[in-house]
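J.: Chain order of the listed sequences is V and L. When we follow this note's numbering, the leftmost residue of the first sequence carries the number 1, and every step to the right adds one. When we follow this note's numbering, the leftmost residue of the second sequence carries the number 1, and every step to the right adds one.
To be clear, the hints were calculated from the coordinates, so they are not data collected in a lab. A quick note: this is a predicted structure, and the numbers were derived from the prediction, not measured. Fair warning: there could be bad hints in the mix.
Each pair may be met inside one copy or between any two copies, as identical chains are not told apart.
Restricting the straight-line Cα-Cα distance to at most 25 Å, the calculated cross-link-like pairs of lysine to any residue (SDA-like) are [said to hold, decoys possible]:
1. K210 to I155
2. K320 to S233
3. K320 to G310
4. K320 to T285
5. K385 to P142
6. K320 to T309
2 protein chains.
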Amino acid sequence: MDHPVIAALRADRDAHVQALEDWLRIPSVSTEPAHADDVRRAGQFALDALSGAGFDAAMHDTAGHPVVTASWCDAPGKPTLLVYGHYDVQPPDPIDLWRHGPFEPTIEGEVIVARGATDDKGQALALVRGIATYLATNGSLPINVKFLLEGEEEIGSPNLEPFIREHLDALAADVVLVSDCSQYGPEQPALTVSLKGLCYMQVTVTGPSKDLHSGSFGGAVENPGHVLCKLLSSLKDDDGRVTIPGFYDDVVDLTDAERAAIAELPFDADAYRESVGVPALHGETGFSTLERTGARPTLDVNGLLCGWTGEGAKTVLPSKAMGKFSMRLVANQDPDRIARLVTEHLESICPPTCTIVVEDLHGGKPVKVPTDSPFVAAAKRALAKGFGVEPVDIREGGSIPIVATFKEVLGIDTILMGLGQNDDNAHSPNEKFNLNDYHRGMETVVHLLDELAE
Amino acid sequence: MDHPVIAALRADRDAHVQALEDWLRIPSVSTEPAHADDVRRAGQFALDALSGAGFDAAMHDTAGHPVVTASWCDAPGKPTLLVYGHYDVQPPDPIDLWRHGPFEPTIEGEVIVARGATDDKGQALALVRGIATYLATNGSLPINVKFLLEGEEEIGSPNLEPFIREHLDALAADVVLVSDCSQYGPEQPALTVSLKGLCYMQVTVTGPSKDLHSGSFGGAVENPGHVLCKLLSSLKDDDGRVTIPGFYDDVVDLTDAERAAIAELPFDADAYRESVGVPALHGETGFSTLERTGARPTLDVNGLLCGWTGEGAKTVLPSKAMGKFSMRLVANQDPDRIARLVTEHLESICPPTCTIVVEDLHGGKPVKVPTDSPFVAAAKRALAKGFGVEPVDIREGGSIPIVATFKEVLGIDTILMGLGQNDDNAHSPNEKFNLNDYHRGMETVVHLLDELAE
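Chain V extracted, bound-state conformation (with noise of 0.2 Å):
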């Protein structure tokens, strides 16, 4: 390897370790008011760095955490790419499950070990610290690089958006790059091509208005647990297709060679089954298992209360029963148009013996990353040489809002890169990142800059 940039990294490993341990010592737990302050040390940290690296940065206060800013544009008539990252973590509850204090970054063999340490401060320093030595050895870039990080992921960015608004210019970018996922396993690194949307709803039915004794009343009057059960079970059919009219209506098919990709991926079908525990698995009829995670829509029930939860028998008839469940997207269902097909459809098929009430708890756009695109390619090649492997194409059930955003309010798309692992455990106890995987992470952003140079 006779890149400078990549022999001055390898050259500086220790020095990357201490500054991630130094990052994860600060407990910038963003959904907890008494942190407010660790939340910010954690900004100041990354603000350091860049500005330490020649970086024009800046932190910028908003009516919650602070967001930090920084940008080198000195690469006239080259792309411009913007980095996303977040300073702020999860909280560390359960917190007894933890082999040493979440906020005391503990090495064991591999891995470092600590919240924050994949999700998310461990996959950002590795672009903030490879960008950054990529500058200091180089002088200069190869493109014109932005940087974006905020404080407030966790408790789901809702001051991230009207920034962005407010700061079109400075961020103008060609293409966004996420490190906030994961690889597709160990030594097969993967460029995530999809997010699902999401939509969760709320339903409560409501039969007599009082709570009724089930041996004076059962039998006259309908029960409203049992329309309730009957309601949610009809959304999905024997085949795992959900019922709502409508509902697979704006569904972007796999196409034949995506599939074909899907079914090359290596998947132990049985070894997964183990892990989560289940005597077998299930889903939507005519797609694998890792179709249906990734590239197909999706229902579940969230939650389900109804009359008497306690220990033994009460003998009531219950006044409401309330349900939550959710649907996964995929491009390009609307979650806006997906709950109201969901409400008109639950509002139609209610008995008339109860009344219910249809509640949008919650909704986030899908996103499907044009695999056809110049940034995509480029990505691919920097993770082939930053892992020596060549990366595969991977569908993501979970969601990460912003990326949407940038799409809708910056008209870009994102480059989404893992660095982690899938068993990294993000928002359990003792998480933990690979050191390995931390280093590569760094080696394939400067390969990312060289790509997208080209």
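Could you slot chain L onto chain V? The hints should help.
T.: The following block gives chain L in isolation, referenced to the frame of chain V:
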């Protein structure tokens, strides 16, 4: 009215009311250990009333609250009546909905308001004082009379069946009298000719071994909340019929005469619908509301619990889903057999993607009183004399499990002669008892002794 006992009763009405007030002042809440002494004091009150009237009375300790028995058996060759009642009460909660202290009996117009007013101190004391006045006035009773009064009815009578089994000879009788129910309506006395039984089940559906992220795993792993909804909703069809194979096998159908009698009962379906606050009534096709509540077996969801039930959205694919449901049974359905049928059926329809555990939480046998017995005929004549109105037959959707025990252990039927009203707020705030019903109840039991002596 020339009957000297009736005259004596009418001359003493203030004392009857005062005695009831004294009994109602004792907070004999059987479920609260702190009130154990109060329950005993309430039993002592009954003991004193009966022994003071010339009965051979005793209080018996049990593993729980005491049982009070009494007997007067100097009418050789005449039938023996066993009078059952209970002197414990429900907790008064929610206490802030009472117009005054629940144990400060207050006369409001025609009614006395206090916890226990109708359930069962008021009704039981009508029987006690009616019979005691008979003995005091007449020097003897026209039949043999025994009393069995317990302090654990509101907690399921755990010690009563063992007590009965240990005192078979002492409790031997020809028929039981229970006044722990209601008339059909104001100015419409009734004999309750059937009580439903109960089979109360709980089903737990388990899918993945822990809660999963519905984005990452949704669509590939069966959702136990969805399976629970499917299982429970399938237990009843669109005609309101229970679908469990064999469920109706042992049902004794109503005769044409019984259906005609039910159809003749005054019933305002619209007022009923409004009183429960539903947009429309609903039940088993082919049966009227009174047939459904009184004479047809039913199935109700009593509780549902699964996943996230707090505010807002949590995108969980839950590991477990729990449902409680119960069936009200009619003669000759057996709760143990029904529980077995339900368990087998649910296990057979549970998909292979989940596991289920089905539990039998509670059961009770249905009761059908033979309406052609001389005891029932005597009770009807007594009610007609006591209330001045011919009684009707009614069927109760609720259960009084001890009645099935009397049949099983003592081999005798029960006269179910409700003195209260449906709207007396048993188990609810501002429980009440109409003083007119109290006084007419005393006179009715006097007539009943005469009629049984014929």
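J.: Look at each hint and say if it fits the structure.
T.: Hints, verified against the model:
no., hint, in the structure
1, K210 to I155, "between (36 Å within a copy, 23 Å between copies)"
2, K320 to S233, "both (17 Å within a copy, 16 Å between copies)"
3, K320 to G310, "both (16 Å within a copy, 15 Å between copies)"
4, K320 to T285, "between (34 Å within a copy, 24 Å between copies)"
5, K385 to P142, "within (17 Å within a copy, 107 Å between copies)"
6, K320 to T309, "both (13 Å within a copy, 13 Å between copies)"
In summary, the structure agrees with every hint in the numbered list given earlier.
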